[in-house]
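The task is simple: from the sequences and hints, build the whole structure.
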Amino acid sequence: MTNRFRASVPLTEDWQHFDFAVADGIATVTLNRPEKLNPLTFESYADLRDLVLQLPYRDDVRVLVIRGAGKAFCAGGDVNEIIGELIKMRPRELMAFTKMTGDLIRAMREVSVPIVSGIQGIAAGAGSVVALASDFRVVTRSARFAFLFTKVGLSGGDMGAAYLLPRMVGAGRATQLLMLGDTIDAATAEKYGLVSELVDDDELDAAVAKLATRLAEGPSLAYAQTKALITRELDMSLAGAMELDAMTQALLMTTDDHAEFHAAFNERRPPRWTGR
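Quick note: the sequence shown uses our numbering, first residue 10, plus one each step.
Read the hints as simulated data drawn from the structure, not as lab findings. Treat each hint with caution, since some may be false.
The calculated lysine-lysine pairs, modelled on BS3-like cross-linking and capped at a C-alpha distance of 30 Å, are [stated by the list, open to error]:
1. LYS236 x LYS108
2. LYS219 x LYS200
3. LYS97 x LYS45
4. LYS80 x LYS219
5. LYS108 x LYS45
6. LYS108 x LYS160
7. LYS80 x LYS45
8. LYS219 x LYS45
9. LYS108 x LYS97
10. LYS160 x LYS219
Label-pair ranges, simulated between beta-carbon atoms [stated by the list, open to error]:
11. ARG285 x PRO100: 44 to 50 Å
12. LEU20 x ALA259: 29 to 35 Å
13. GLU90 x ARG150: 26 to 32 Å
Here the structure is a predicted model, which is why all the values come from computation and not from measurement. From the three backbone atoms N, C-alpha and C, an ideal C-beta is built for every residue, glycine too.
Spelled out as structure tokens, the structure:
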């Protein structure tokens, strides 16, 4: 399950603040407080961060899926368990919390494993940023998004939203969504560019499984490097980006997967990707 490039401390399997399962290369996190629309707490933020950071050291995971139990994806931070406690904290504690939430989003963007969020119902606040930080968002037609931070008196640029959202939907739409904090429906989110795949409500499970299986069975090295280039090149010059592209592509040309494509093409069969 693990590889040789990690310390002796065992990887955690018993996560206390969400459900976790691995099958056929697909790890699935299910936020499991449906009675409250799956809000995040101090503990679940920290657990998600630590889980994502572990993924590169697991040989049994090629894709991470994030879901919410019941009728919602994630309604954001729990109002009483988080906000009620934050207003009692001193600046040092507050900075530790805000850095922790940002560390989760940064880990999601920097981890080599593709991340798929399956979104039904509401994705609000921190839930909307977790969806934003995923590589793919499979969204039901009844789903809604709300970057509602200003509506609780805080900056709309929470957890990296002011960095990620303009790059996905443009500065104008990001200003509208982050400053006003209004809820948008799935059709609007798709028009803005937030949705990877829009599906009927009863098709979400199948659509997420199909995409996750495709990613798990595909050329994982190629996927990992593509994700890394998309993330890194957001802030690079054209010359720097072209140099990084050239070095990455030359490296991948030495891999077993690239040779396997050539063999499969000539043998008229599907490639058997090994991630090597």
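We went through each hint and held it up to the structure:
no.: 1; hint: LYS236 x LYS108; in the structure: 23 Å, holds
no.: 2; hint: LYS219 x LYS200; in the structure: 23 Å, holds
no.: 3; hint: LYS97 x LYS45; in the structure: 23 Å, holds
no.: 4; hint: LYS80 x LYS219; in the structure: 21 Å, holds
no.: 5; hint: LYS108 x LYS45; in the structure: 25 Å, holds
no.: 6; hint: LYS108 x LYS160; in the structure: 21 Å, holds
no.: 7; hint: LYS80 x LYS45; in the structure: 10 Å, holds
no.: 8; hint: LYS219 x LYS45; in the structure: 29 Å, holds
no.: 9; hint: LYS108 x LYS97; in the structure: 18 Å, holds
no.: 10; hint: LYS160 x LYS219; in the structure: 36 Å, violated
no.: 11; hint: ARG285 x PRO100: 44 to 50 Å; in the structure: 48 Å, holds
no.: 12; hint: LEU20 x ALA259: 29 to 35 Å; in the structure: 33 Å, holds
no.: 13; hint: GLU90 x ARG150: 26 to 32 Å; in the structure: 31 Å, holds
In summary, the structure is inconsistent with hint 10 from the numbered list given earlier, while agreeing with all the others.
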